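Sequences are here, hints too, so could you generate the full structure?
Going line by line, the protein sequences match chains A and B.
Per the numbering used here, the first sequence runs over residues 43 to 279.
Per the numbering used here, the second sequence runs over residues 773 to 864.
Hints listed in this document are in silico derivations from the structure and should not be mistaken for laboratory results.
These numbers were taken from a predicted model, which means no experiment stands behind them.
All C-beta atoms, glycine included, are put in the ideal place defined by N, C-alpha and C.
It is possible that part of the hints are untrue.
Said to hold, decoys possible - Residues from chain B shown here face chain A by an in silico Cβ test under 10 Å; the list is partial:
1. ARG782
2. CYS784
3. GLU786
4. ALA787
5. ALA795
6. ASN796
7. VAL797
8. LYS801
9. ASN802
10. THR806
As the list claims (entries may be wrong) - Covered, in the sense of this in silico footprint (three residues per stretch, anywhere, with C-beta under 8 Å from a C-beta of chain B), are these stretches of chain A:
11. 208-221
12. 224-232
13. 239-245
14. 248-262
Stated by the list, open to error - Straight-line Cα separation of at most 25 Å, DSS-like style, residue types lysine-lysine; simulated pairs:
15. LYS834/B / LYS202/A
16. LYS851/B / LYS221/A
17. LYS834/B / LYS852/B
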Amino acid sequence: MPRLKIAGLVADIRRDNPILNRQCADYLTEEAPDFTVDFGEDYIEREIEKEIRCDLSFPPAYSEYLAIYRYLCTRFIDYDGFLMHGSALAYDQNAYLFCAPSGTGKSTHAALWREVFGERVVMINDDKPLIRKIEGVFHACGTPWSGKHDLDRNLALPLKGVVLLFRGDHARIERAAPKDLLGQLFNQIYRPSDSEKYLRTIDLVGEMLESCPVYRLFCTPTPNAARTAFQALVQPD
Amino acid sequence: MKLKPGFILRKCGEAEIVVPVGANVEKYKNMMITLSGSARMLWDMLEKGCERADLVRAMLEKYDVEREVVENDVDLFLKKLTRAELLDDEGL
Numbered sequence: 043m044p045r046l047k048i049a050g051l052v053a054d055i056r057r058d059n060p061i062l063n064r065q066c067a068d069y070l071t072e073e074a075p076d077f078t079v080d081f082g083e084d085y086i087e088r089e090i091e092k093e094i095r096c097d098l099s100f101p102p103a104y105s106e107y108l109a110i111y112r113y114l115c116t117r118f119i120d121y122d123g124f125l126m127h128g129s130a131l132a133y134d135q136n137a138y139l140f141c142a143p144s145g146t147g148k149s150t151h152a153a154l155w156r157e158v159f160g161e162r163v164v165m166i167n168d169d170k171p172l173i174r175k176i177e178g179v180f181h182a183c184g185t186p187w188s189g190k191h192d193l194d195r196n197l198a199l200p201l202k203g204v205v206l207l208f209r210g211d212h213a214r215i216e217r218a219a220p221k222d223l224l225g226q227l228f229n230q231i232y233r234p235s236d237s238e239k240y241l242r243t244i245d246l247v248g249e250m251l252e253s254c255p256v257y258r259l260f261c262t263p264t265p266n267a268a269r270t271a272f273q274a275l276v277q278p279d
Numbered sequence: 773m774k775l776k777p778g779f780i781l782r783k784c785g786e787a788e789i790v791v792p793v794g795a796n797v798e799k800y801k802n803m804m805i806t807l808s809g810s811a812r813m814l815w816d817m818l819e820k821g822c823e824r825a826d827l828v829r830a831m832l833e834k835y836d837v838e839r840e841v842v843e844n845d846v847d848l849f850l851k852k853l854t855r856a857e858l859l860d861d862e863g864l
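Here you go:
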């Protein structure tokens, strides 16, 4: 069973999950654990119930794999971390997070960055990055739960922009007031059922939105959309 | 009418949002209601309990706008709260 270092924290995973075992090579560590991830079968049952409510059906190993992440993300809140759905990529050691409801094209957009800017673009996590405040700075962090293409790296890099994607006729980007996008941003954030952790998540999200710029990107599935976003995010001057 | 118990207001960056607490989290955690200045006043009144007419009167005293506009705004706000199942007496 693996011991993983994720977002600067060491977690002892006490579940022998074949999917996680396959994905986690980049995160293995020998360091002393900060906490343990352990739960009974009832926790997985609840995960499966949630899937049924969302009309989803996964093989048992995949439900367990997701349950481990749910447990881990709930623990991470105590360490100023939370899960935000989106595609997080790095360019020159800075992180940018692209969020949107499923099917809008965030992975496609991230792929366009790789196509246009090549190896200077590194995928941190293409689907479910952790955002963690480390020494006062919000970082986008890789984890071995990164969506269907398994695009992730064990990195924690300062978050320099949060971008909400919309489909558009032509590529256009604008700075946005976080309060205008709060509902849409919150839809992408994992909200725990525990009241204190829920409040802590809200406080962390509020702090993140004050410390890093938020954008609306109207995008097309073309390289031009990546160039438009790049200009605003990486070269604002 | 009155707000159901188990909700608080929390600053989130520049916005103020309605947040479920305790046993309400599971049921209401996907709700997202942000309050602007005037909505905040209505929220405070509803927390103590009041009628629609009280809300309209308070708004008319505070803002220099037509009664029709105020009534419309109050109704919209009450509808939003009713839809989110936040009011004890749904009132509308």
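The hints, checked one at a time:
The closest approach between the C-beta of ARG782/B and any C-beta of chain A is roughly 6 Å, which is under the 10 Å cut-off, so the hint is satisfied. The criterion of a C-beta within 10 Å of any C-beta in chain A is met by CYS784/B, whose closest approach is roughly 4 Å, and the hint holds. Proximity of GLU786/B to chain A holds as hinted, the smallest CB-CB distance being about 5 Å (cut-off 10 Å). A cut of 10 Å between beta carbons decides the hint on ALA787/B: the least distance to chain A is about 4 Å, and the hint holds.
Here the hint on ALA795/B is kept, as its CB sits about 8 Å from the closest CB of chain A, short of 10 Å. Nearest Cβ of chain A to the Cβ of ASN796/B: about 8 Å, under the 10 Å cut. The hint holds. The beta carbon of VAL797/B is positioned within 10 Å of a beta carbon in chain A (closest approach about 5 Å), and the interface hint is therefore held. For LYS801/B, the shortest C-beta to C-beta distance to chain A is roughly 5 Å, which falls under 10 Å, so the interface hint holds.
Restraint check, ASN802/B versus chain A: the minimum CB separation of about 7 Å is within 10 Å; hint holds. For THR806/B, the shortest C-beta to C-beta distance to chain A is roughly 6 Å, which falls under 10 Å, so the interface hint holds. Closer than 8 Å: that is the beta-carbon criterion, and the stretch 208-221 of chain A has 3 residues meeting it against chain B, so the requirement of 3 holds. Using a Cβ-Cβ cut-off of 8 Å, 4 residues of the stretch 224-232 of chain A lie near chain B, which meets the minimum of three, so the contact claim holds.
Beta-carbon proximity to chain B at under 8 Å applies to 4 residues in the stretch 239-245 of chain A; the threshold of 3 is reached and the given coverage holds. Under the rule that three or more residues need a Cβ within less than 8 Å of chain B, the assignment of the stretch 248-262 of chain A holds, with 4 such residues. Distance hint between LYS834/B and LYS202/A is unfulfilled; the C-alpha atoms sit about 41 Å from each other, more than 25 Å. The straight-line distance between the Cα atoms of LYS851/B and LYS221/A is roughly 21 Å, inside the 25 Å bound, and the hint therefore holds.
Of the supplied pair hints, the one linking LYS834/B and LYS852/B holds, its CA atoms being roughly 22 Å apart against a limit of 25 Å.
Hint check: a violation occurs at hint 15 only; the rest are consistent with the structure.
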